[in-house]
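**Q** Listed here are the chains, written in short residue letters.
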Amino acid sequence: MRRSMLFLPGNTPNIIQNGGILGADAVILDLEDAVAPTEKDSARILVRSVIRAMGFDRCEVIVRINSIDTPFWQKDLDAIIPVRPHLIMPPKTACVQDVLTVDAYITHLEEKLGMEHGSVGLIPLIETALGVENAFQIASACPRVKAIFLGGEDLTADLHCKRTKEGEEISYARCRLVCAARAAGVEVYDTPFTDVNDDEGIYTDAAKAKSLGFTGKSAISPRHVKAINEVFSPSLKDIEYAYEVMEAIRIGKEQGKGAVSLRGKMIDAPIVARAMQTIEAAEELGLGREDI
Amino acid sequence: MSKIIKPAVCGTLESSDAFVTLEPGGEGLDIQIESVVMKQFGDEILAVTKDVLREFGVDNARVSVVDRGALECVLRARLECAVLRAKGEC
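Chains A and B supply the protein sequences, listed in that same order. Per this note's numbering, the first sequence starts with residue 2, numbered consecutively. Per this note's numbering, the second sequence starts with residue 137, numbered consecutively.
Careful, some of the hints might be misleading.
In silico EDC-like cross-links for lysine to aspartate or glutamate, where the CA-CA straight-line distance does not exceed 16 Å [to be verified]:
# : chain 1 : residue 1 : chain 2 : residue 2
1 : A       : Lys76     : B       : Glu225
2 : B       : Lys223    : A       : Asp42
3 : B       : Lys223    : B       : Glu191
4 : A       : Lys211    : A       : Asp239
5 : A       : Lys76     : A       : Asp42
6 : B       : Lys139    : B       : Glu191
Non-contacting residues of chain A with respect to chain B, defined by C-beta distances greater than 12 Å in every case (computed) [unchecked claim]:
#  : residue
7  : Asp58
8  : His87
9  : Cys143
10 : Leu213
11 : Ser222
12 : Glu241
13 : Arg264
14 : Ile272
15 : Arg275
Hints in this document: simulated from the structure, not taken from any laboratory. All C-beta atoms, glycine included, are put in the ideal place defined by N, C-alpha and C.
Please construct the entire structure, taking both the sequences and the accompanying hints into account.
**A** So, in structure tokens, the structure goes:
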């Protein structure tokens, strides 16, 4: 389960080598914005070497490569695919063809290396107005796409507006991406909250993302990981209610009832679906009935 | 394998990193190592340095490694990149 994804600059050994112990469900080793153009070569070699040598504990490993309009992205993939990260994040993904271009090159590398087709997934980063408008097509471009990711900073530059803590300016993009991802059957992750010193703001921003339907949220500081994990974990109250729903459904079926109610409210299919999602998430996090 | 054709550097002097300098010329390998953990890991750092140079076919070069407590995987990465840069392959 990915609740939190922590960006780590790809050319900084003392940061990336500790990525597995910072509490995030996934780390995003960044070869793009966090790396100077003159150090792209050293960053990709370092990231490859560190992934190969270190387990990153239970963290998923995602590598943000450079965008396909740069001369770097194929070299990034040449270096990184052999060490099998869980996901590759291509930035500035704006249309289906952008996804298919990266997909085709990864497929070529997988064949060359004797790897199983589709062994490395994609999480396209959508951070332009065009990308937002094409979100569903991007999310459903090919089976390699496992999730989509909203990049709020570049998006607001493209929208010609200011990025604010409240995030009104990215409300449409957030809703559009969630809807697109759910329609395509993939996960969806929210942009980082960039004020690393605002410990209350991260809770508010993460709660907003969760309320809209995001699977999880990214962070640019380890300080935000705990808040994101808390917000995106089901509460014990939610888990308790989910089990009550499933129990009521079971009893209703046994008694041959067509309609079932709990705490004075009818239980319909969406409530059951949400209860099942809550139980599934709780089980992934190792939170069973005994924890309630 | 192609030869070293120009001087190259890679890495930084930050903690947990290593700064590698490579220059063409000389007879054989002239390797200088400076490390904050020289007493404890000097031999290992030298062995890793020789191993990477051998892997990339570097027989004649002046090599300097200033180690700031880099893990082996970091040192290997910095050496590899310095070699590729010195060969003009990066």
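**Q** Hint by hint, say whether it matches the structure.
**A** Tested hints:
no.: 1; hint: Lys76(A) <-> Glu225(B); in the structure: holds (12 Å)
no.: 2; hint: Lys223(B) <-> Asp42(A); in the structure: holds (13 Å)
no.: 3; hint: Lys223(B) <-> Glu191(B); in the structure: holds (14 Å)
no.: 4; hint: Lys211(A) <-> Asp239(A); in the structure: holds (14 Å)
no.: 5; hint: Lys76(A) <-> Asp42(A); in the structure: holds (8 Å)
no.: 6; hint: Lys139(B) <-> Glu191(B); in the structure: holds (13 Å)
no.: 7; hint: Asp58; in the structure: holds (16 Å)
no.: 8; hint: His87; in the structure: holds (19 Å)
no.: 9; hint: Cys143; in the structure: holds (31 Å)
no.: 10; hint: Leu213; in the structure: holds (39 Å)
no.: 11; hint: Ser222; in the structure: holds (18 Å)
no.: 12; hint: Glu241; in the structure: holds (45 Å)
no.: 13; hint: Arg264; in the structure: holds (55 Å)
no.: 14; hint: Ile272; in the structure: holds (49 Å)
no.: 15; hint: Arg275; in the structure: holds (44 Å)
Comparing the model with each earlier hint shows no violations; every hint is respected.
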